[in-house]
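Asker: Listed below are the residues making up each chain.
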Amino acid sequence: MLTQIRAEKPIIHCLTNHVVSNFQANGLLSLGASPIMGEAPEEAADLAALAGAVSLNIGTLNETTVTSMLIAGKAANKKGVPVILDPVGAGATPYRLSTVKRILEEVEVSVLRCNAGELAAIMGADWQSKGVDAGAGEADITQLARSSAKKLSVIVAVTGKTDVVTDGDTVIENASGDPIMTSVTGMGCLLSAVVAAFSAVSPDRPLAAAAEALRFYGLAGEKAAQHVKGPGSFQTAFLDALSSVRQSDIDELNRMEDGAL
Amino acid sequence: MLTQIRAEKPIIHCLTNHVVSNFQANGLLSLGASPIMGEAPEEAADLAALAGAVSLNIGTLNETTVTSMLIAGKAANKKGVPVILDPVGAGATPYRLSTVKRILEEVEVSVLRCNAGELAAIMGADWQSKGVDAGAGEADITQLARSSAKKLSVIVAVTGKTDVVTDGDTVIENASGDPIMTSVTGMGCLLSAVVAAFSAVSPDRPLAAAAEALRFYGLAGEKAAQHVKGPGSFQTAFLDALSSVRQSDIDELNRMEDGAL
Amino acid sequence: MLTQIRAEKPIIHCLTNHVVSNFQANGLLSLGASPIMGEAPEEAADLAALAGAVSLNIGTLNETTVTSMLIAGKAANKKGVPVILDPVGAGATPYRLSTVKRILEEVEVSVLRCNAGELAAIMGADWQSKGVDAGAGEADITQLARSSAKKLSVIVAVTGKTDVVTDGDTVIENASGDPIMTSVTGMGCLLSAVVAAFSAVSPDRPLAAAAEALRFYGLAGEKAAQHVKGPGSFQTAFLDALSSVRQSDIDELNRMEDGAL
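Residue numbers (the numbering used here), protein chains in the order written: chain E, 135 to 395; chain S, 135 to 395; chain A, 135 to 395.
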């Protein structure tokens, strides 16, 4: 799929938070996709209709951007364009949680990309979360992901030390990545946009697209983590790595894992 | 003009999109100018009146920022402060196109800095554009730029593989630059702010200011492109290069070209 | 305090401008704190209640974010959570100045972190400021800081070539840092958030927290300034340094200075 992204350069419409918007756009460009950012209600449907996938992110949500996310999501649904949702900090405030639930009700979401704490908050599961971090809880993440995927009729991609991607039945795990990835803001947000890019070139295979995106992303993290001196130089090296990891690197990892993608 | 910017540190008031605001402010600081960012209608006129030039950018426009751009533009006009307009993705949505046209009608714009696809959209010319990219069309860019400059009474600076700057009569070309410049988000947006900085120290010579800004910018891109490993390290090296390219580097390029600036 | 931040990872709720939000979040993460960004009025009180400290920054203020800052500030006050205010460009426009005064009236601010020009504007002192830069004026900065701290009942931390931190009586000076720190946008904004992180682990010692934050920050700047090639590579190196400066580095500097923290 990576080869296809670099050949087709799909447009990814991002309605995202202002903390990560630069990093997200640069990450998509490095990968080979074409980001278009914009969140005015006046143009949300037009931008979504141009796109190969739509990436929704509630990181610094407000009344206007929530309106635009709903408009863009519905416009994407009408055209069969995949919608990826990142419920940043869903458990942190009632406003975030109710917004996420509203989006999930009104928009047909293809992939829900989140961490365990966010998923637990959305499902009302018991979980100790702190701010926008993943937190640590007792729930069995794989079980939670499977039941969520079935109940919400979405692909769930929960990232953490080991990522879990599932449509409710099939479960794909991914352990690629490096711990330093948690020390840069927006790494999860950018990942969701990368899942959108993979979904854009494989709209009929959302499970495989999400899993392949996660493997690719972890490989880029591992590559960037070599020789860096801290979070600043990692961020730079990671943007470089997004442009230099090859399809064959992913293929090799797939062979080592289940090869099922 | 570069020497003058570094000596006078002109204030550049940027009303810009949140994707590139950090990169734009850092780029202006590296160059030697003093960015001031702010887009509340309550202070738009006050900030514009403080500035040596005003840089308008519609990348993530909304109702409020459009109001502020009109206020700032008119306040700048009253004081004879140059206004540079970057019509990001003008052809992508009707909202963007109508906003650009409204700004061009209500504000006296000094330099319109854009790519070929955006210019074609504004002029209603036939052009195949995709999202915010330049696209590829049949129109003769130089001819389009000249006729646009005359019709709109602005300096037109269309950037691409070869940049074209014109007041409708005189045409200056620039080929400095490096292909990797297209793999970082906001490179065009920052360029528009750099044109604003050059315009601030040469308000009576907008054509020369725009052309010299483009040559400077391309030289910085060439310098940064040496030894980089990808888009991430290029971005870092480019900010460094904006502070290290010298007036004599531009002078040498001018001598090699037409020397007419 | 640095050791404590890295152990406890306090949540810092930032209501900040979109120019620096990414840099501020990444700086806090590098330091070891947990940033949470968000400025909708609907969740401002909830986020502030989660936090160990609240960082208010008016860099790209608008009607909505000012409302949220007041809500978050008051919610923090109710829970005894320290509030740090960064009055970016307070003297640049009447809108900024009146907003800063309103926040100082309605919210109990723990630390006012600013430059000399901003402090002079707030206090109505004679000072020549230009845009958001510090400017140069005739007032005696230490005297101005002391009288401001008494009048406003806050800790005042004025940064410049030599930083001055005071509660109105005790004055602590800090000369750590490097001139290149002024060539990156948001260095002051991030510093204010770092003061918030130190305050979060020492809520009862705001003077010492502010002073220790400034010394730490200057040390990180000195460390990063070694071997860099310009503002771009400095920014990267600075984020690295925020994660690598140790408590013992600060202790050593404290011993060389007054040792009074």
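Each hint should be verified, as a subset may be incorrect.
A pair holds if it fits inside one copy or across any two, identical chains being indistinguishable in the list.
[Stated by the list, open to error] The calculated lysine to aspartate or glutamate pairs, modelled on EDC-like cross-linking and capped at a C-alpha distance of 20 Å, are:
| hint | residue 1 | residue 2 |
| --- | --- | --- |
| 1 | LYS235 | GLU176 |
| 2 | LYS363 | ASP303 |
| 3 | LYS363 | GLU197 |
| 4 | LYS235 | ASP180 |
| 5 | LYS363 | ASP383 |
| 6 | LYS213 | GLU356 |
| 7 | LYS213 | GLU142 |
| 8 | LYS213 | ASP385 |
| 9 | LYS357 | ASP338 |
| 10 | LYS284 | ASP383 |
| 11 | LYS212 | ASP383 |
| 12 | LYS357 | GLU197 |
| 13 | LYS213 | GLU176 |
| 14 | LYS284 | GLU142 |
| 15 | LYS295 | ASP312 |
These are computed hints drawn from the structure, not numbers from a lab.
Asker: Give a verdict on every hint.
Answerer: Outcome of the hint check:
{"no.": "1", "hint": "LYS235 to GLU176", "result": "between (23 Å within a copy, 16 Å between copies)"}
{"no.": "2", "hint": "LYS363 to ASP303", "result": "neither (41 Å within a copy, 41 Å between copies)"}
{"no.": "3", "hint": "LYS363 to GLU197", "result": "neither (40 Å within a copy, 41 Å between copies)"}
{"no.": "4", "hint": "LYS235 to ASP180", "result": "between (24 Å within a copy, 18 Å between copies)"}
{"no.": "5", "hint": "LYS363 to ASP383", "result": "between (24 Å within a copy, 18 Å between copies)"}
{"no.": "6", "hint": "LYS213 to GLU356", "result": "neither (36 Å within a copy, 42 Å between copies)"}
{"no.": "7", "hint": "LYS213 to GLU142", "result": "within (19 Å within a copy, 47 Å between copies)"}
{"no.": "8", "hint": "LYS213 to ASP385", "result": "neither (31 Å within a copy, 53 Å between copies)"}
{"no.": "9", "hint": "LYS357 to ASP338", "result": "neither (30 Å within a copy, 44 Å between copies)"}
{"no.": "10", "hint": "LYS284 to ASP383", "result": "neither (32 Å within a copy, 53 Å between copies)"}
{"no.": "11", "hint": "LYS212 to ASP383", "result": "neither (35 Å within a copy, 54 Å between copies)"}
{"no.": "12", "hint": "LYS357 to GLU197", "result": "neither (39 Å within a copy, 43 Å between copies)"}
{"no.": "13", "hint": "LYS213 to GLU176", "result": "within (18 Å within a copy, 32 Å between copies)"}
{"no.": "14", "hint": "LYS284 to GLU142", "result": "neither (32 Å within a copy, 37 Å between copies)"}
{"no.": "15", "hint": "LYS295 to ASP312", "result": "within (9 Å within a copy, 38 Å between copies)"}
Comparing the model with each earlier hint shows violations of hints 2, 3, 6, 8, 9, 10, 11, 12, 14; every other hint is respected.
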